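**Q** For reference, the chains in residue letters:
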Amino acid sequence: MRQTGDVSIGEELLEERRRRRRAGDPRLSEAGKELFRRMTTGDLAGEFQAALDAVSDADPLLGGSDDD
Amino acid sequence: MIVVDEYLAVRVLSGDWPGELPDDDVVLPTSRHWRLLQRVHNPSGGQLSQLLANLPGDDLGVVRWPHPEVLSVLDPRPLLDEAAAIAARFGGTGWLIAETLAAGVAHGHRLWFGTPDNVGRVLERAASELGIAVHVVTG
Chain A
430 MRQTGDVSIG
440 EELLEERRRR
450 RRAGDPRLSE
460 AGKELFRRMT
470 TGDLAGEFQA
480 ALDAVSDADP
490 LLGGSDDD
Chain B
13 MIVVDEYLAV
23 RVLSGDWPGE
33 LPDDDVVLPT
43 SRHWRLLQRV
53 HNPSGGQLSQ
63 LLANLPGDDL
73 GVVRWPHPEV
83 LSVLDPRPLL
93 DEAAAIAARF
103 GGTGWLIAET
113 LAAGVAHGHR
123 LWFGTPDNVG
133 RVLERAASEL
143 GIAVHVVTG
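Going down the list, the protein sequences come from chains A and B. Under the numbering used here, the first residue of the first sequence is numbered 430, with each subsequent residue one higher. Under the numbering used here, the first residue of the second sequence is numbered 13, with each subsequent residue one higher.
Hints in this document: simulated from the structure, not taken from any laboratory. None of the values given here were measured: they were computed from a predicted structure. We put the beta carbon where it would ideally sit given N, CA and C, even for glycine. Do not rely on the hints blindly, as some may be mistaken.
As the list claims (entries may be wrong) - These stretches of chain A come out as covered by chain B in the derived footprint (C-beta under 8 Å, 3 or more residues):
1. 447-458
2. 470-478
3. 481-487
To be verified - Below, in silico cross-link-like pairs of lysine to any residue (SDA-like), each with a Cα-Cα straight-line distance of 25 Å or less:
4. A:462 with A:436
5. A:462 with B:101
6. A:462 with B:137
7. A:462 with A:482
8. A:462 with B:118
9. A:462 with A:438
10. A:462 with A:487
11. A:462 with B:32
12. A:462 with B:77
13. A:462 with B:93
14. A:462 with B:145
15. A:462 with A:437
16. A:462 with B:140
17. A:462 with B:58
18. A:462 with B:84
19. A:462 with B:151
20. A:462 with A:478
21. A:462 with B:103
22. A:462 with B:150
23. A:462 with B:104
24. A:462 with B:53
25. A:462 with A:486
26. A:462 with B:142
27. A:462 with B:120
28. A:462 with B:128
29. A:462 with B:121
30. A:462 with A:448
31. A:462 with B:119
32. A:462 with A:475
33. A:462 with B:80
34. A:462 with B:90
35. A:462 with B:67
36. A:462 with B:42
37. A:462 with B:33
38. A:462 with B:141
39. A:462 with B:149
40. A:462 with B:46
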């Protein structure tokens, strides 16, 4: 019985941890969520990729010679 | 532990968990966090920079200091030796690719990207030779 209870508590803790992980950062506003969505899967994804590539291109130690 | 790129890190931070992503702790290599931070602290101009600058409150703090229950930034020190070996073996990788591949080797021989545009040919070829599965989330 004790073992069953321990497992149950452990599962509950894991499920709570999973729920918080999947919910994202609670500090982020709705405007922030919307902008992040546009950056990653929406109309700003191309500009986001260009911004990341520019950081690598400006620093050979970071970006190496991968010219994709 | 799931090693992700900047796209998936930002999606996870915003609560947009891709259905294809396994249910596990999510980690971002330091070099990829660095690229995000560069855009926060050194805007490149253009529409995206303006929109980021106009975000309310401390929204960018979410990227600067990710909530540890949501996203962790990998400690690069245990990866250094493997990353150096990878850089020497494949050449031209730079820290970004070498660290990402070393993280993939250390964490289940798999990497997760949010778009094929963020993978690159050098990483793709090296990952194949290192036995690392490169997953690209499509939805």
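**Q** Now look at each hint and say whether the structure bears it out.
**A** Right, here's what the structure says about each hint:
1. 447-458: holds (count 11)
2. 470-478: Per the Cβ count (6), the hint holds.
3. 481-487: holds (count 4)
4. A:462 with A:436: 35 Å, violated
5. A:462 with B:101: 40 Å, violated
6. A:462 with B:137: 34 Å, violated
7. A:462 with A:482: At roughly 23 Å apart (the allowed maximum being 25 Å), residue 482 (chain A) and residue 462 (chain A) satisfy the hint.
8. A:462 with B:118: 31 Å, violated
9. A:462 with A:438: Answer violated: residue 462 (chain A) to residue 438 (chain A) is near 32 Å, above 25 Å.
10. A:462 with A:487: This hinted pair is violated, its Cα atoms lying about 29 Å apart.
11. A:462 with B:32: 20 Å, holds
12. A:462 with B:77: 16 Å, holds
13. A:462 with B:93: Roughly 37 Å between the alpha carbons, so the hint for residue 462 (chain A) and residue 93 (chain B) is violated.
14. A:462 with B:145: 29 Å, violated
15. A:462 with A:437: Outside the cut-off at roughly 34 Å; violated.
16. A:462 with B:140: 34 Å, violated
17. A:462 with B:58: The given pair, whose Cα atoms are some 20 Å apart, holds under the 25 Å limit.
18. A:462 with B:84: 19 Å, holds
19. A:462 with B:151: 17 Å, holds
20. A:462 with A:478: 18 Å, holds
21. A:462 with B:103: The hint is violated at about 38 Å.
22. A:462 with B:150: Satisfied, since the Cα-Cα distance of roughly 19 Å is no more than 25 Å.
23. A:462 with B:104: 36 Å, violated
24. A:462 with B:53: Between residue 462 (chain A) and residue 53 (chain B) the Cα gap is close to 19 Å, so the pair holds against 25 Å.
25. A:462 with A:486: 28 Å, violated
26. A:462 with B:142: Violated, at roughly 36 Å.
27. A:462 with B:120: 30 Å, violated
28. A:462 with B:128: OK: residue 462 (chain A) and residue 128 (chain B) at ~22 Å, within 25 Å.
29. A:462 with B:121: 31 Å, violated
30. A:462 with A:448: 18 Å, holds
31. A:462 with B:119: 28 Å, violated
32. A:462 with A:475: Within the cut-off at roughly 18 Å; holds.
33. A:462 with B:80: Measuring from Cα to Cα gives roughly 18 Å; hence the hint holds.
34. A:462 with B:90: 33 Å, violated
35. A:462 with B:67: Holds, at roughly 10 Å.
36. A:462 with B:42: 23 Å, holds
37. A:462 with B:33: 19 Å, holds
38. A:462 with B:141: 37 Å, violated
39. A:462 with B:149: Given that 25 Å is the threshold and the Cα spacing comes to 19 Å, the pair holds.
40. A:462 with B:46: 21 Å, holds
This entry does not satisfy hints 4, 5, 6, 8, 9, 10, 13, 14, 15, 16, 21, 23, 25, 26, 27, 29, 31, 34 and 38, going by the numbered hints stated previously.
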